[in-house]
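Visitor: Got chain F; can you put chain U on it based on the hints?
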Amino acid sequence: MRFPTLPTWFAKKLSVASPVKVKDRSQLRVGIPKVLNIWTTAQFWVGFLKALGVSSENIIFSSDTSEEQGREFGKGRGTVDCCYPVKCISGHYGELIFGQKKKINVLFSPMIHTLPSLLHGHVVDTITCTRVMAGPESIKAGFMKERDIFTENGIVYASPFVSLGDRHMVVQQMHDSLKDVFDLDLEETNLAVQAGFEALDAFTAKARQQSRDILNWCAQNQKPCILVLARPYHMDTGIGHEIEAELQAHGFPILWLQYLPGDGDLMNWLFEEDMRSGRIKSPFDISDVWTSSYSSNTNEIMWGAKFASRCPWITCVIRLSSYECGMDQPTYTPTQKIVEASRTLFFKFGDLDSTKPAGSIKIRVETVVHYMAKYSQEIMRSKLARLSPQCPLGPLQAPASSLPESEVPAGLHADNPPAVSAAS
Amino acid sequence: MAQLATIAPYTAYKPRPFTRDQRGKTTILYGGLTWKHERLMQGALHNLKYNAEPLPNIARDDLDAGKELIDTGACCPTIFTTGSLVNFLKKEVAAHGKDQVNDKFIYLTAGACGPCRFGQYHESYSMALDGLGLRDFRLFLLAQDELDQGPANGGGLEINMPMSLGLIWSILCGDLLVDLEYMTRPYEVNPGQTDAVLKDSVEYMYEVFLHRPDRGKKYGTLAWHLMSNYFTKALREVRKKWDAIEVDHLRVKAKVKVTGEFWLQTHEGDGNYNIKRWLEQEQSEVVPPPVAVWLHYLLHPEIRKLEHRNSKSKHPQMQQMALQALEKIYRGTYNRFRKALANLPNELPDQVELKQLAEPFYHFELRGGEGHMLIGKALHAYHHKKAHMICELSPYSCMPNTMSIGSMANVLGKYPDLLYAPIEVKGDAEVHALSRCQMILTEAKKRAQAEFEDVMKKTGLTVDAIRKYEARHPEVKRATYKVPHLGYAGMAANYITHLARCGVGNA
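One line per chain: the protein sequences are F and U, in this order. Count the first sequence with our numbering and you get residues 1 to 424, in order. Count the second sequence with our numbering and you get residues 425 to 931, in order.
The shape of chain F in the complex, shown without the other chains:
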């Protein structure tokens, strides 16, 4: 039997005894610029705001980035020349302020300090890029340098500093910065944050399962797929320029590293040899390839490259990187070397900027498709040969017969990687 003690007598009874009354915020319109790490955390913000009583139709995301958006809404608002994913935020802010038929009341642009990550606990930290973290401050300046555009338009600017990767800190951080904006009390914030994480976790789990389903299909049919090694904002059609969509149109399933499956059975199968040799301690350990594991997205890019180099059906990696990305810069060579160590094809689309170089993308896509068609079966066979036959994706169909010996390019016989690592 448990005896009541002082702490249990005096413990604050939470929602059961006195249900938290959600204030009426149904008419409040909240605009969120769809930029940077919002691409992988949007479900948290929607879950959070909905739990506060903001109705779904009143949560407004800006459109995908476009040059028109920047011209129409962001012109004259830039304060510094930096990478396009940050620079373009002016257009998103402007669209939310000036481009809505029904005005928004709050422009909500969080400064995300850390990110939830599959690698949490296996890396030094999961911090975001300094530009990404501080971007809202720099962009805000463009709307306040002459006059306070937010106030003039009756908009409250809210920019909470929040460590989404350190869940125990989030409630306090959100309450401190948003209590006046939404008239929040701590308990209400707590419940809203919980709702936000539940929504985010549910979405992430579903997306990972879908990636696993794709791999499953590839395994059963011995078909190749492509992994996109990029930062979350490359999902934005105006930043990633839909390069992966062009490839998908050729019939190759696409995986994004942010939603790779992390299931134990699959991980242990892929990384069995590395763990057995003591090279890594767990499948999520990247210390063998990257020691400065502070940055969340960089860590995941490294891990994604390792995943791709081992996973038989990922026969090609597409690396996307924006012009002047300081976080990507030191990773160019390591990621390429990690991927190519298993002869997996590696193509880098670097220095992406505001203008879509449609012509050169088309040519590059043709090159990718050609090499995928030519080498994928060999790459799958070779990678499978290095793994245990106990594949968690079920009994495998034998890969299609390889190319006739005479048609196999010399590079594939030799120790040198095939000359298809068309990094630019």
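There's no promise every hint is true.
[Said to hold, decoys possible] Restricting the straight-line Cα-Cα distance to at most 30 Å, the calculated cross-link-like pairs of lysine-lysine (BS3-like) are:
id : chain 1 : residue 1 : chain 2 : residue 2
1  : U       : K528      : U       : K623
2  : U       : K491      : F       : K348
3  : F       : K75       : U       : K850
4  : U       : K901      : U       : K810
5  : F       : K179      : U       : K838
6  : F       : K348      : U       : K850
7  : U       : K664      : U       : K752
8  : U       : K838      : F       : K75
9  : U       : K491      : U       : K514
10 : F       : K75       : F       : K101
11 : U       : K838      : F       : K103
12 : U       : K491      : F       : K356
13 : U       : K491      : U       : K473
14 : U       : K438      : F       : K281
15 : F       : K356      : U       : K850
16 : U       : K809      : U       : K906
17 : U       : K449      : U       : K641
18 : F       : K23       : F       : K103
19 : U       : K623      : U       : K449
20 : U       : K810      : U       : K664
21 : U       : K438      : F       : K348
[As the list claims (entries may be wrong)] To spell it out: a stretch of chain U is covered by chain F in this simulated footprint if at least three of its residues, at any positions, have a beta carbon under 8 Å from a beta carbon of chain F; those stretches are:
id : segment
22 : 546-560
23 : 783-791
24 : 822-834
[Said to hold, decoys possible] Residues from chain F shown here face chain U by an in silico Cβ test under 7 Å; the list is partial:
id : residue
25 : A134
26 : S138
27 : A141
28 : M144
29 : F161
30 : T291
31 : E324
32 : G326
33 : Q329
34 : P330
35 : K337
36 : K362
37 : V365
38 : C391
Simulated from the structure, these hints should not be mistaken for lab results. All values derive from a computational prediction rather than experimental measurement. Note that beta-carbon positions come from the ideal geometry of N, C-alpha and C, so glycine has one too.
Guide: Just chain U, lined up with the frame of chain F:
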């Protein structure tokens, strides 16, 4: 059937061990600060029986050498520092061969600072080592925030209290000498005298660090460093050397506070187009950025709060209190050293004030680079009239710096009369950078002149009267004569006001 050959998986660079018995025949290479700091650090390392040698000062050639071997798009501090190491190693390899270089040298660099590229410099260094075929060369990281990291990688390099305190104390003394240098040289009557006395002072302080007494490995040495008058006594000797320099504080100079990315603002050489010397040639007095401010920032409990978010400490409050005490001791030590130099070097700015000044424009928890400090420092200089203009040195593609420069637009909207020159440094665009700086400098010079004329008018003093007073009181012409800050940015205006208060006009 074609069988794909296996390639060895990519592995991150890990240095070979550096063992204790190798210490006598191995030289530690380091760099990244000024020659003054580096010489004093050498004294501290020699004192601990390490062979230590700073890398040659950065030169333009290093930019090309760095670019050749690391991934494209790096910031210029990464390129310059990598290139500097590369050029040094190339020369050594040509003279002695790869094996000897691998055994004879190790490179020690700061790291582990988190999200900025500064925390990833070593990735570029290791890539460069690969390019040079020197994978066996040893490169070690020194965490900036731990005084006692124990014996690292084989025990040859023991990052303990005597080493950390020796290095920190040498940095503090280096900062103080740099402050003296920049506040004296623009006013020296005999050209070259400041540089000669500076050199003499640095050599003297090198000896002081070289002969630092051994007070044990832990708390004994900590207590000695905090309480001993060993360094203050030495700094008083330095002050005597500076007494000999005659200055003319009536020269009207624009006071330019240099801020920016850590490496670029600290560096003196081709890496930042020698901009500090250039500013002096352009009739300015430079307020140099002390490394001590950066260390103070790292120590500040408010700033460190986030880093303890996952602390496993059983007594986080105790830890916080210890950090607060440490911060006070640190500031106290710096002030003790300043006092030994007649309080001439600038005081460290209050970190809480910097945070408060920057708060409306840049959140203090946004880490990376100098964080909110760039905005805080600019506003601090503006509100306290510590400088006529701010020259912020920002490497091309620097991630944190670009963000605070962007946020400065908001600051300038609120304070349109703040003279601010953000200079982007690529390393190979000198004319562009300097001409950009000159545009703001011209306005700063006008302000310095206007301030001077205003003070002359207000006090009713004439240059003649001041010269006569100086002839009767030669102590006011010594470099070590403390001219108090009396509400003006410029030295001349403060000097005249001070003399007026001393009764010069009544003489």
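Visitor: Confirm or reject each hint.
Guide: Right, here's what the structure says about each hint:
Under the criterion of a C-alpha separation no larger than 30 Å, the hint pairing K528 (chain U) with K623 (chain U) is consistent with the structure, at around 29 Å. Distance restraint check for K491 (chain U) and K348 (chain F): the Cα-Cα separation of roughly 20 Å lies within the 30 Å cut-off, and the hinted pair is therefore satisfied. Straight-line distance between C-alpha atoms of K75 (chain F) and K850 (chain U) comes to about 27 Å, which keeps the hinted pair within the 30 Å bound. The suggested pairing of K901 (chain U) with K810 (chain U) holds, with an alpha-carbon distance near 22 Å, which does not exceed 30 Å.
This hinted pair checks out: K179 (chain F) and K838 (chain U) have alpha carbons roughly 26 Å apart, not beyond 30 Å. For the given pair, K348 (chain F) sits about 25 Å from K850 (chain U) by alpha-carbon distance, which is consistent with the 30 Å threshold. Of the pairs offered as hints, the one joining K664 (chain U) and K752 (chain U) holds, with about 29 Å between alpha carbons and a cut-off of 30 Å not exceeded. Between the alpha carbons of K838 (chain U) and K75 (chain F) the distance comes to roughly 21 Å, so the proposed pair stays at or under 30 Å and holds.
Simply put, K491 (chain U) and K514 (chain U) have alpha-carbon atoms about 15 Å apart, close enough for the 30 Å limit, and the pair holds. Under the criterion of a C-alpha separation no larger than 30 Å, the hint pairing K75 (chain F) with K101 (chain F) is consistent with the structure, at around 20 Å. A C-alpha spacing of about 27 Å is found between K838 (chain U) and K103 (chain F), which places the hinted pair at or below 30 Å, so the restraint holds. For the proposed pair K491 (chain U) and K356 (chain F), the alpha carbon gap of about 28 Å is at most 30 Å, so the pair holds.
As the CA atoms of K491 (chain U) and K473 (chain U) are separated by approximately 35 Å, the hinted pair breaks the 30 Å bound. As the CA atoms of K438 (chain U) and K281 (chain F) are separated by approximately 17 Å, the hinted pair is consistent with the 30 Å bound. Restraint check: the Cα-Cα separation between K356 (chain F) and K850 (chain U) comes to about 27 Å, which is no more than 30 Å; the hinted pair holds. Taking the CA atoms of K809 (chain U) and K906 (chain U), the gap is about 17 Å. The hint holds against a cut of 30 Å.
At roughly 23 Å between alpha-carbon atoms, K449 (chain U) and K641 (chain U) fall within 30 Å of each other, so this suggested pair holds. For the suggested pair K23 (chain F) and K103 (chain F), the alpha carbons sit about 21 Å apart, so the restraint of at most 30 Å is met. Between K623 (chain U) and K449 (chain U) the CA atoms are separated by roughly 29 Å; this keeps the pair inside 30 Å, and the hint holds. With a C-alpha separation of about 26 Å, the suggested pair K810 (chain U) and K664 (chain U) falls inside the 30 Å cut-off, and the hint holds.
Straight-line distance between C-alpha atoms of K438 (chain U) and K348 (chain F) comes to about 27 Å, which keeps the hinted pair within the 30 Å bound. Judged by the Cβ-Cβ criterion of 8 Å, the segment 546-560 of chain U is covered by chain F as claimed, because 4 of its residues qualify and three suffice. Figure legend: the segment 783-791 of chain U, annotated as covered by chain F; annotation consistent (6 residues with Cβ-Cβ distances under 8 Å, at least 3 required). Requiring three or more residues with a Cβ within less than 8 Å of a Cβ of chain F, the coverage given for the segment 822-834 of chain U holds, as 12 such residues are present.
With its C-beta approaching chain U no nearer than about 4 Å, A134 (chain F) sits inside the 7 Å limit, and its interface hint holds. The criterion of a C-beta within 7 Å of any C-beta in chain U is met by S138 (chain F), whose closest approach is roughly 3 Å, and the hint holds. Interface restraint check for A141 (chain F): the shortest CB-CB distance to chain U comes to about 4 Å, inside 7 Å, so the restraint holds. Hint on M144 (chain F) holds. Least Cβ distance to chain U is approximately 5 Å, under the 7 Å limit.
With a least beta-carbon distance of about 5 Å to chain U, the hint placing F161 (chain F) at the interface is held under the 7 Å criterion. Hint status for T291 (chain F) relative to chain U: holds, with the closest Cβ pair at about 5 Å, below 7 Å. Satisfaction of the interface hint for E324 (chain F) is found here, the shortest Cβ-Cβ separation to chain U being roughly 5 Å, below the 7 Å cut-off. A least Cβ separation of about 4 Å between G326 (chain F) and chain U falls short of the 7 Å threshold, and the interface hint therefore holds.
With its C-beta approaching chain U no nearer than about 4 Å, Q329 (chain F) sits inside the 7 Å limit, and its interface hint holds. For P330 (chain F), the interface hint holds, since its Cβ comes within 7 Å of a Cβ in chain U; the closest pair sits about 4 Å apart. Interface hint at K337 (chain F): satisfied, since its Cβ lies 4 Å from the closest Cβ of chain U, which is below the 7 Å cut-off. The beta carbon of K362 (chain F) is not positioned within 7 Å of any beta carbon in chain U (closest approach about 24 Å), and the interface hint is therefore violated.
Annotation: interface hint on V365 (chain F) violated; nearest CB of chain U at approximately 23 Å, more than 7 Å. Nearest Cβ of chain U to the Cβ of C391 (chain F): about 19 Å, over the 7 Å cut. The hint is violated.
Violated hints, listed in ascending order, are 13, 36, 37 and 38; each of the other numbered hints is respected by the structure.
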